[in-house]
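Chain order of the listed sequences is B and E.
If you count the first sequence from 1, position 225 lands on 933 in this note's numbering, and the numbers rise without skipping.
If you count the second sequence from 1, position 212 lands on 1425 in this note's numbering, and the numbers rise without skipping.
A few of these clues could be false.
[Said to hold, decoys possible] Now the stretches of chain E that chain B is said to cover, found in silico as 3 or more residues with beta-carbon under 8 Å: (1) 1325-1337; (2) 1410-1419.
[Unchecked claim] So the derived list for chain E, only partly shown, Cβ under 7 Å to chain B, looks like this: (3) LYS1261; (4) LYS1313; (5) SER1322.
[Stated by the list, open to error] Below, simulated EDC-like cross-link-like pairs (lysine to aspartate or glutamate); rule was C-alpha separation at most 16 Å, straight line: (6) B:LYS729 <-> E:GLU1306; (7) B:LYS818 <-> E:GLU1287; (8) E:LYS1261 <-> E:GLU1455; (9) E:LYS1254 <-> E:ASP1242; (10) E:LYS1476 <-> E:GLU1433; (11) B:LYS732 <-> E:ASP1344; (12) E:LYS1355 <-> E:GLU1333; (13) E:LYS1262 <-> E:GLU1421; (14) E:LYS1288 <-> E:ASP1242; (15) E:LYS1288 <-> B:GLU827; (16) E:LYS1288 <-> E:GLU1307; (17) E:LYS1300 <-> E:ASP1290; (18) B:LYS729 <-> E:GLU1308; (19) E:LYS1355 <-> E:ASP1365; (20) E:LYS1288 <-> E:GLU1308; (21) E:LYS1262 <-> E:ASP1442; (22) E:LYS1355 <-> E:GLU1306; (23) E:LYS1254 <-> E:GLU1293; (24) B:LYS729 <-> B:ASP718; (25) B:LYS729 <-> E:GLU1307; (26) B:LYS732 <-> E:GLU1307; (27) E:LYS1288 <-> E:ASP1248; (28) E:LYS1422 <-> E:ASP1442; (29) B:LYS732 <-> E:GLU1341.
Keep in mind that the hints were calculated from the coordinates and are not lab data.
Every residue, glycine too, gets a C-beta built ideally from N, C-alpha and C.
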Amino acid sequence: MLAVLALGRDFVYWLVIAPFKGFKVRFHEAARQAVRIGVNALPIVFLVNFFVGVTLAITVADILRIFGPVEYTGAVMGVGFWRELSPLLTGVVMSGYAGASLAAEIGTMKVGEELMALEASALNPVRFLCVPRLLGVLLMVPVLTLFGNLCGIFGGYLVCTGLLDISPQLFYDRMLDPMKVKDIWVGGGKSVIFGGIVGLVGLGQGMQVRGGAEGVGRATTNAVVYSIIMIIAADCILTVALYF
Amino acid sequence: MTDSTTHPSPGSGRDDMFQKGDVIIRCTDIFKSYDGRPILKGVSLDVKKGETLVIMGSSGHGKSTLLRLMIGAEKPDSGEIELFGQKITSMAEEELYPIKRRFGVLFQSGALYNSMTVGENISLPLREHTDLDDKIIDIIVKLKLELVGLRDFEHLIPAQLSGGMKKRVGLARAIALDPEIIFYDEPGAGLDPVMLAVIDELITGLGEKLGVASIVVTHEMHSAFRIADRMVLLHGGHILAEGTPDEIRKSDDPVLQQFIQGKAEGPIPLRLSSRDFAEDLLGSE
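Next up, chain B with everything else stripped away, as it sits in the complex (with noise of 0.2 Å):
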């Protein structure tokens, strides 16, 4: 935690204050970065939002048939999934995508000498590696969550449409009724912070990295078990100060 936590406070000195210094961001290698990050990982994020968006619309619909208004799944299908189920499961996924991929790579370049050598050539690794690699998870988390809601949302309209006889339209009105604009920026909101937590923990616990091939794979699965907690515990803390 207080490496993450060093990490924060280093990735903001290069990306803020070492721009002032002549230290210039690579800001070229970050799009380079969110590519190979983003588009890679758009596959599982598809899939994993839209099968939670079809059993959630059914699971839904089962309840709200025993009350008599099943339109009314639209509803929590957009509501759920734009605040909470899109950026939560985007950063879960995220977490075992890019996190664990971070923390492999930085953790095989520690392990290989090659920081040191970065460092014996008076660049900083978290200004050449760190910022750029967080950058891109930064950008891209938000971009994943985004497309992932969609999927999601479509998942629980081909249930709505297809097999609960309600039209598009219905759904569309019902899924917009409930929603208010401080849903979607929260939602957005919490995929930045879940996007900081996997690169963070991710780009944290590979520069920790001690002991070779074993203490790779160790700092790979600390990287996705403390990121999903703390992506969890976190979107717990900030719905119940948002919304209670």
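Once you have looked at the hints, place chain E on chain B.
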């Protein structure tokens, strides 16, 4: 151009140019321990410009630690290290950068950046620390690769190279910025005898022609005597012996003689365990 204090071409624009024979590295009374286990116990040594200093010693006796301290990768517990007349032990990381651009390091494994090609590995310091044109950088990369005999391997990635080739690319990268000091950590490990001789000639040539100071940590005694202007033996955290290759050869110190002749029997213990063997087997009762 990326960092704040770039210079237009490697090796130029320095106002503290050293003459051959001037002290370029000074270590004074260095102490370093890990987890309470002392590794270096008061090491002092000077390295002069243009000189090749070979650091010898058994494994675990502090050679690599001393190297890491000299390149600023770690700080000593106490003592002072000066590079180019500047005390690096009290410097912040960013203050060290202009000094780090003046030396190169060849790591034991080569430590190549695995996600980059051979050419990108060598050009990275040039792209980051100079504002040289891409075409000039490409020419410098070819020149450095030719020096280590790997000019045709520019577009390969490190995974496609043998251990010895990685080492040679690591050397080409270390000399990319035409450094004034080069640190070598076990340059002979993984190299065949012919390539080792080539690297030895390169080390000697850099010192004689360009006044580059070389600090070589090695176990290869034949190579060590071939390249060294001066040799030190680190033993038990101290400098046990220091001198020219002739002085070292003629020394009657039994530890030094055992080490340079590679004898199994002698004062350097094979077994590092401190407990009595019989007691360890039978228990302390």
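How the hints compare with the structure:
1. 1325-1337: Holds: 4 residues of the region 1325-1337 of chain E have a Cβ under 8 Å from chain B.
2. 1410-1419: violated (count 0)
3. LYS1261: Given a least distance of 22 Å, the restraint on E:LYS1261 is violated.
4. LYS1313: For E:LYS1313, the interface hint holds, since the closest Cβ of chain B sits about 4 Å away, which is under 7 Å.
5. SER1322: holds, 6 Å
6. B:LYS729 <-> E:GLU1306: holds, 13 Å
7. B:LYS818 <-> E:GLU1287: holds, 15 Å
8. E:LYS1261 <-> E:GLU1455: Roughly 14 Å between the alpha carbons, so the hint for E:LYS1261 and E:GLU1455 holds.
9. E:LYS1254 <-> E:ASP1242: At roughly 8 Å apart (the allowed maximum being 16 Å), E:ASP1242 and E:LYS1254 satisfy the hint.
10. E:LYS1476 <-> E:GLU1433: holds, 14 Å
11. B:LYS732 <-> E:ASP1344: OK: B:LYS732 and E:ASP1344 at ~14 Å, within 16 Å.
12. E:LYS1355 <-> E:GLU1333: It holds: about 11 Å lies between the C-alpha atoms, which stays within 16 Å.
13. E:LYS1262 <-> E:GLU1421: Judged against 16 Å, a Cα distance of about 10 Å means the pair holds.
14. E:LYS1288 <-> E:ASP1242: With Cα atoms ~13 Å apart, E:LYS1288 and E:ASP1242 stay inside 16 Å; holds.
15. E:LYS1288 <-> B:GLU827: holds, 14 Å
16. E:LYS1288 <-> E:GLU1307: holds, 15 Å
17. E:LYS1300 <-> E:ASP1290: holds, 15 Å
18. B:LYS729 <-> E:GLU1308: At roughly 12 Å apart (the allowed maximum being 16 Å), E:GLU1308 and B:LYS729 satisfy the hint.
19. E:LYS1355 <-> E:ASP1365: Within the cut-off at roughly 9 Å; holds.
20. E:LYS1288 <-> E:GLU1308: holds, 14 Å
21. E:LYS1262 <-> E:ASP1442: Holds, at about 11 Å.
22. E:LYS1355 <-> E:GLU1306: violated, 31 Å
23. E:LYS1254 <-> E:GLU1293: At roughly 13 Å apart (the allowed maximum being 16 Å), E:GLU1293 and E:LYS1254 satisfy the hint.
24. B:LYS729 <-> B:ASP718: holds, 15 Å
25. B:LYS729 <-> E:GLU1307: Holds. B:LYS729 to E:GLU1307 sits at ~10 Å (cutoff 16 Å).
26. B:LYS732 <-> E:GLU1307: With Cα atoms ~14 Å apart, B:LYS732 and E:GLU1307 stay inside 16 Å; holds.
27. E:LYS1288 <-> E:ASP1248: Given pair E:LYS1288, E:ASP1248 holds - Cα atoms ~15 Å apart, limit 16 Å.
28. E:LYS1422 <-> E:ASP1442: Roughly 14 Å separates the two Cα atoms, so the pair holds.
29. B:LYS732 <-> E:GLU1341: Holds, because 10 Å separates the two Cα atoms, which is no more than 16 Å.
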